[in-house]
Amino acid sequence: MSSASGAVSPADLLPVTDSRPVVWTIAGSDSGGGAGIQADLHTLHDLGVHGCSVISAITAQNSVAVKMVDPVLMQTFTAQIDALGVDLPPAAIKIGLLPTRLHVEVLTRRLAAIETPFVVYDPVAIASTGTPMAEPNMLEAVREQLLPRLSLITPNGPELEALTGIPTTSPGLLRAGAARLRELGARAVLVKGGHLAWSGELCLDYYQDETREFWLAAPRLDTRHGHGTGCCYASAIAAVVAQDYPVEDAITLARAYLQQGLAAAQGVGAGPGPIAHLGWPADLAHFPRAVLAGSALDRRFGLYETSSARLPDGPFAATEHNLGLYPVVDSVKWLRRLLGLGVKTIQLRIKNLPAAQLAPAIRDAVALGRRHGARLFINDYWQQAIEAGAWGVHLGQEDMETADLAAIQAAGLRLGISTHGYFELMRARELAPSYIALGHIFPTNTKAMPSRPQGLVRLHRYRALMAEWPTVAIGGISEARVAAVKASGVGSIALVSAITASDDWQGATERLLAAVGTGDEPRSATVIREAEHAL
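Everything in the sequence shown is counted per UniProt numbering, starting at 1 for the first residue and increasing by one.
Among the hints, a few may not be true.
Said to hold, decoys possible - Here are the computed distance ranges between Cβ atoms for each label pair:
id	residue 1	residue 2	range
1	Ala282	Gly507	38 to 46 Å
2	Ala270	Met74	14 to 22 Å
3	Pro167	Pro360	56 to 64 Å
4	Leu278	Gly389	44 to 52 Å
5	Val457	Glu105	38 to 46 Å
6	Leu102	Leu278	33 to 41 Å
7	Gly389	Asp244	40 to 48 Å
8	Ala514	Gly314	52 to 60 Å
9	Pro158	Lys67	16 to 24 Å
Hints listed in this document are in silico derivations from the structure and should not be mistaken for laboratory results. Note that beta-carbon positions come from the ideal geometry of N, C-alpha and C, so glycine has one too.
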């Protein structure tokens, strides 16, 4: 834990979970090693969790064909679950092949007695070779009993049709099929896009829960290999959720894991080979695109039912890669103080100011910023920022849905976007913003946060992944923690209470400027436009 003084402790440098979480896989054994339990355990270990197995069936198969499926005796099936339950409780459970109706019924009863926060089911019924793997009435038991026990179900197109009777020949029908599974009790649905013919050269994955939906897009890779992709996808999701990532981050990372594994997949036998297991994804090229409502991909396929988003038709104006010390203040008074000390990057985050005073305050702030040659970003109030000719605007993820992003871009303002994990990073990437904020790194009382602290390990990963963009670390960063945060390679560190709540704010600011710097010299908008035109 961090000390009372806010200094970095050894715990700050560890992952959010200090030990390897336990994840169960309940699935069939694949004698060929490409799918099932074997693929699951490869994936779980590769992504940093301890995998435990409950074998539901023993299959005799290779890379070409499934020769036999032998469901394990119910006594054997339940004994495995019970043995794990008394000693190795799971942080997450991945379910694969359930060969009979009885296996579904027994597992459903056992799940009711297991305290686990997350259960993901890959509804395997037919092998990739076309061989049936389960009894015909197994899916009926899934619909009637298992679905209400699931946190997430991950069917492909044919599996969704088999479960719901709804075809997947268009985005609208696919959304309806996912909604049907939720009506039957599943809390969330992820439809894998590998079997959707209408999406052409793209693999479009669709997620739906009670409150939201989103699409992820990844290129179809030209490879004959990819045995066990469904198993690995669901196992990767379970592994990442077990490490305390939200499900949208887990799905994003799991798709990247799949893409990098498919790109490097090689044959083992005469048939399709398994995906390669290459560890935690770190190359942005393997990550999926987050399809924004109103985007070109949305318009091409009609992915979202409605969209009122005003998206830009190009990237936002550039800013320097190294923005230096980045105080966030709530008044023009604080702005004047810090600019007078030489701060060159600063954000005005006004809260609870009467509407009549808002525009004048922002105009005064912009004038101050210009006078000091500073990069002033206005938080939230993009209309007033445009009117005042501000240097830039900073928006949260929720503001991306309501702000006129096209107007901000057309006005030449720079845009900073807040992110809190992999999924939001991919959303921000779609807008080509001027910088990306990574947070919140440590616990903070400055504002209510929708996510838990990211920590230094995740900060290092995010910064390296998004190296193409200027990055800003923010959230709970005390003066004592600055050196450790700076070591991640971020070009800027944003602070709030470390300055404004300090008994010696002037001394704190001077020390922080010495430690972090003022960033690269700000360029005028004219210079930036000329540089971009030259490219």
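Now the hints, each set against the structure:
no.: 1; hint: Ala282 - Gly507: 38 to 46 Å; result: holds (39 Å)
no.: 2; hint: Ala270 - Met74: 14 to 22 Å; result: violated (35 Å)
no.: 3; hint: Pro167 - Pro360: 56 to 64 Å; result: holds (58 Å)
no.: 4; hint: Leu278 - Gly389: 44 to 52 Å; result: holds (48 Å)
no.: 5; hint: Val457 - Glu105: 38 to 46 Å; result: holds (42 Å)
no.: 6; hint: Leu102 - Leu278: 33 to 41 Å; result: holds (38 Å)
no.: 7; hint: Gly389 - Asp244: 40 to 48 Å; result: holds (43 Å)
no.: 8; hint: Ala514 - Gly314: 52 to 60 Å; result: violated (38 Å)
no.: 9; hint: Pro158 - Lys67: 16 to 24 Å; result: holds (22 Å)
The structure fails hints 2, 8 (numbered hints given earlier, in ascending order).
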